[in-house]
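Residues per chain, in single letters:
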Amino acid sequence: MAKSKFDISLLRHIADLARIKLSPTEIDTYGRQIEQVVDHIDRIAKIDTKNVDPTFQVIDTKNVFNQNKPNHLPVELATSTARSTYKNFIVVPASIEK
Amino acid sequence: MIDLTNLTIQKIRASLLEKKFSATDLTKAYLARIKLIDPTIKAFITVTDKQALLQAKAIDDKIAKGQKLGKLAGSCMAVKDIYLTKDIQTTAGSQLLNGFIPQYSSTIYQKLLDQDAIIIGKTNTDTFAFGASTENSGFFTTKNPWNAAMVPGGSSGGSAAAQISNLCTFALGTDTGGSIRQPASFCGVTGLKPTYGRNSRYGITAMASSFDAPGAFTSDCQDLATVLSQTAGFDPFDATSSQIKVPDYINLLDKVSLKGLRIGLPKQYFEGLEPDVKTRIQESVNIFEKQAAKIVPISLPNTNLGIDVYYVLVPCEISANMARYDGLRFGQSAKYEDNLVDLYFKTRGKFMEPELKRRILIGTYFLSSGYYDAYYLQASRVRTLIKQEFQTEFAKVDLMLAPVSPTTAWPIGQKVNDPLQMYLADVLTVPINVAGLPALSLPCGFDSQGLPVGLQLIGNYFTEDKLLSVGHQFQQITNFHLKKPKL
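If you're matching them up, the sequences are chains L and G in order.
FYI, in my numbering the residues of the first sequence are 1 to 98.
FYI, in my numbering the residues of the second sequence are 1 to 487.
Chain L extracted, bound-state conformation:
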């Protein structure tokens, strides 16, 4: 996959994907800082990794299974830190149009 260069216009799109509201000053500052970081990291593309498998997990753990039964927090406790609850459910603003 060919890469296109990171720039400030792309940052607005990324911030939308990440669900973070940024001020114009933040867009300018983070845009410049992230561009520098990405430019530095770009050298990784030059490394020949043909026939190299990716590593996602370092200690070669095999599948780990648990019994399929709840063994942790009761619902009342699990929801106790939520900002708003109703009968052990977490109340959220509407996510679809009314």
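In case anyone wonders, no lab produced these hints; they're calculated from the structure.
Keep in mind that this is a model prediction, so the values were computed, not measured.
Don't take every hint at face value.
[Claimed, not checked] No more than 27 Å apart at the CA atoms, straight line, and that leaves these computed lysine-lysine pairs for DSSO-like:
#1 LYS62/L to LYS387/G
#2 LYS35/G to LYS486/G
#3 LYS28/G to LYS50/G
#4 LYS57/G to LYS278/G
#5 LYS335/G to LYS21/L
#6 LYS21/L to LYS346/G
#7 LYS46/L to LYS387/G
[As the list claims (entries may be wrong)] To give an idea of the interface, some chain G residues facing chain L are shown, with a C-beta separation under 7 Å as derived from the structure:
#8 GLY197
#9 ALA239
#10 THR240
#11 ASP308
#12 TYR311
#13 ARG329
#14 PHE330
#15 ASN339
#16 ARG348
#17 TYR365
#18 GLN378
#19 SER380
#20 LEU487
[Said to hold, decoys possible] Quick list of the computed label-pair ranges, beta carbon to beta carbon:
#21 LEU77/L to LYS396/G: 46 to 56 Å
#22 LEU77/L to GLN414/G: 50 to 60 Å
#23 LYS335/G to LEU77/L: 24 to 34 Å
#24 ALA78/L to LEU340/G: 17 to 27 Å
#25 GLY99/G to LYS62/L: 34 to 44 Å
#26 ASP28/L to GLN449/G: 32 to 42 Å
#27 ASP53/L to LYS484/G: 20 to 30 Å
#28 GLU283/G to LEU17/L: 28 to 38 Å
#29 PRO74/L to GLY413/G: 20 to 30 Å
#30 LYS11/G to HIS72/L: 32 to 42 Å
#31 PRO70/L to GLN291/G: 50 to 60 Å
#32 LYS87/L to GLY66/G: 26 to 36 Å
#33 GLY272/G to ASP28/L: 26 to 36 Å
#34 SER209/G to PRO74/L: 18 to 28 Å
Every residue gets a Cβ at the ideal spot worked out from N, C-alpha and C, and that includes glycine.
Starting from the known structure of chain L, fit chain G onto it as the hints suggest.
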């Protein structure tokens, strides 16, 4: 009169049993010292005086009744504020979790409580452990106890500063890219980043799930062995914790003979060092050589790529892990909105610190459509190369020795507005996390400004027993770990 705040874990337990002092006396001594010193050092976000005194009393009651005492009885622990501590505020160094009181505790903290350790407070950290100086904390910057104008290192800077200042018996930290070893080095304390999976990650706010390694700061290797003996082991709540048997670290402390021990010096770790750091490390090498260890020059050519792999993969994992901070289930929340998506945007925009936003944005970019293969997948392949390179060299040596950091502590403010420079400071610690290996940070002297220098011993997977044994013997013939700042 003995100084109660300058005792080791084993000495404290023995003294309690001999009734030389009580757990309450000890706890009060630490609390008094915190009151005196911490306004300057700023190691703690929360001091848990009430809980500490209650726990101390419970231990004293046990002693009075002749009941069995835990292995860490009376030792006061400072806990990095990313460990969930039931009923005690856990902020992760972020305004996002200001006021958050967890309903349960992290596994390894609970294991230490079960051994009668006492929690003395929650320590400052860069926000969600993202940083190398504590300057990214959403609360304040911790000062280096050797020189208050300098950073203590990070992200577990509060824990390292508390440890060297005798504000606790031992401290807990986490090391995702050097966050135990580098502050241990900058503050002059002993710290261990265990093999990935040796200690459970359960109940610790996640940064990068395939890198995060919880561990401890102590005054010496013997105390580290005592703490690790209790914290290590499989945890059903963390499927990535290892089922490999936990060795008897304490009884193995004298196991490894320095005579004939093959110590590898990776040449890339000796490039671009401050002259004083280079000299102190060379002096340590000479100490091992005097003990008839065999010094073997080795090469890890992909060392510099460690930073690149790390700063691709870690932000990717961060951007996924941080999705949980939605303002609904826990933590701070923006004023209620009509629309769910607006609530996400406003909560995250308002309460996340700059470094938190930066890393989420970088990770989201690398994972976004069209960039995934070029960055995430490519970095995961280079991760394999780095891992293989370590394995090739470990066929020739028993362990590796290197500086923890190319520099000693830098002035507060010097790198805070230059994230790239801050990231590059991790060059000698991140490759170890990329590979998931264990590494022990040991004090090995001071630079011309009187700031501590640290060396790291890097081991193969699950050889913490070997590292602690070699570190212990180094500390038997040197006294760098006993030096304390004047406070």
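Comparing the hints with the structure gives:
As the CA atoms of LYS62/L and LYS387/G are separated by approximately 18 Å, the hinted pair is consistent with the 27 Å bound. Proximity of LYS35/G to LYS486/G is assessed by CA-CA distance (about 16 Å); at most 27 Å being required, the pair is judged to hold. Under the criterion of a C-alpha separation no larger than 27 Å, the hint pairing LYS28/G with LYS50/G is consistent with the structure, at around 11 Å. Between the alpha carbons of LYS57/G and LYS278/G the distance comes to roughly 48 Å, so the proposed pair goes past 27 Å and is violated.
Of the supplied pair hints, the one linking LYS335/G and LYS21/L holds, its CA atoms being roughly 14 Å apart against a limit of 27 Å. With a C-alpha separation of about 6 Å, the suggested pairing of LYS21/L with LYS346/G holds against the 27 Å cut-off. Under the criterion of a C-alpha separation no larger than 27 Å, the hint pairing LYS46/L with LYS387/G is consistent with the structure, at around 18 Å. Evaluation of the GLY197/G hint against chain L yields a held restraint, the C-beta minimum of about 5 Å falling below 7 Å.
At about 4 Å, the closest approach between the beta carbon of ALA239/G and any beta carbon in chain L falls short of 7 Å, and the interface hint on this residue holds. The beta carbon of THR240/G comes within 6 Å of a beta carbon in chain L, closer than 7 Å, and the hint placing it at the interface holds. This hint holds: ASP308/G has a C-beta 4 Å from the nearest C-beta of chain L, less than the 7 Å allowed. Satisfaction of the interface hint for TYR311/G is found here, the shortest Cβ-Cβ separation to chain L being roughly 6 Å, below the 7 Å cut-off.
A hinted interface residue such as ARG329/G counts as satisfied when its beta carbon comes closer than 7 Å to some beta carbon of chain L; here the least separation is about 5 Å, so the hint holds. For PHE330/G, the shortest C-beta to C-beta distance to chain L is roughly 4 Å, which falls under 7 Å, so the interface hint holds. Taking 7 Å as the C-beta contact cut-off toward chain L, the hint placing ASN339/G at the interface holds, the least distance being around 6 Å. For ARG348/G, the interface hint holds, since its Cβ comes within 7 Å of a Cβ in chain L; the closest pair sits about 5 Å apart.
The interface hint given for TYR365/G holds, since its Cβ lies 5 Å from the closest Cβ of chain L, which is under the 7 Å cut-off. Because the closest C-beta pair between GLN378/G and chain L is about 6 Å apart, less than 7 Å, the hint holds. Here the hint on SER380/G is kept, as its CB sits about 3 Å from the closest CB of chain L, short of 7 Å. The beta carbon of LEU487/G is not positioned within 7 Å of any beta carbon in chain L (closest approach about 36 Å), and the interface hint is therefore violated.
Between LEU77/L and LYS396/G the CB atoms are about 53 Å apart, so this pair conforms to the stated range of 46 to 56 Å. Between LEU77/L and GLN414/G the CB atoms are about 45 Å apart, so this pair departs from the stated range of 50 to 60 Å. Judged by the Cβ atoms, the range 24 to 34 Å given for LYS335/G and LEU77/L holds: they are separated by roughly 26 Å. In this structure the supplied range 17 to 27 Å holds for ALA78/L paired with LEU340/G, their Cβ-Cβ distance being about 20 Å.
Under the hint 34 to 44 Å, the C-beta atoms of GLY99/G and LYS62/L, about 41 Å apart, fit the expected range. A beta carbon spacing of about 36 Å between ASP28/L and GLN449/G agrees with the range 32 to 42 Å that was offered as a hint. Checked against the hint of 20 to 30 Å, the C-beta distance between ASP53/L and LYS484/G comes to roughly 48 Å, which is inconsistent with it. Hint check: GLU283/G to LEU17/L, Cβ distance near 51 Å, so the stated range 28 to 38 Å is violated.
At about 47 Å, the beta-carbon gap between PRO74/L and GLY413/G misses the expected band of 20 to 30 Å. Under the hint 32 to 42 Å, the C-beta atoms of LYS11/G and HIS72/L, about 38 Å apart, fit the expected range. Judged by the Cβ atoms, the range 50 to 60 Å given for PRO70/L and GLN291/G holds: they are separated by roughly 55 Å. In this structure, LYS87/L and GLY66/G break the distance hint of 26 to 36 Å, their C-beta atoms being roughly 49 Å apart.
Between GLY272/G and ASP28/L, the C-beta spacing of about 32 Å keeps the proposed range 26 to 36 Å intact. Range check, SER209/G to PRO74/L: Cβ separation about 26 Å, and the 18 to 28 Å hint holds.
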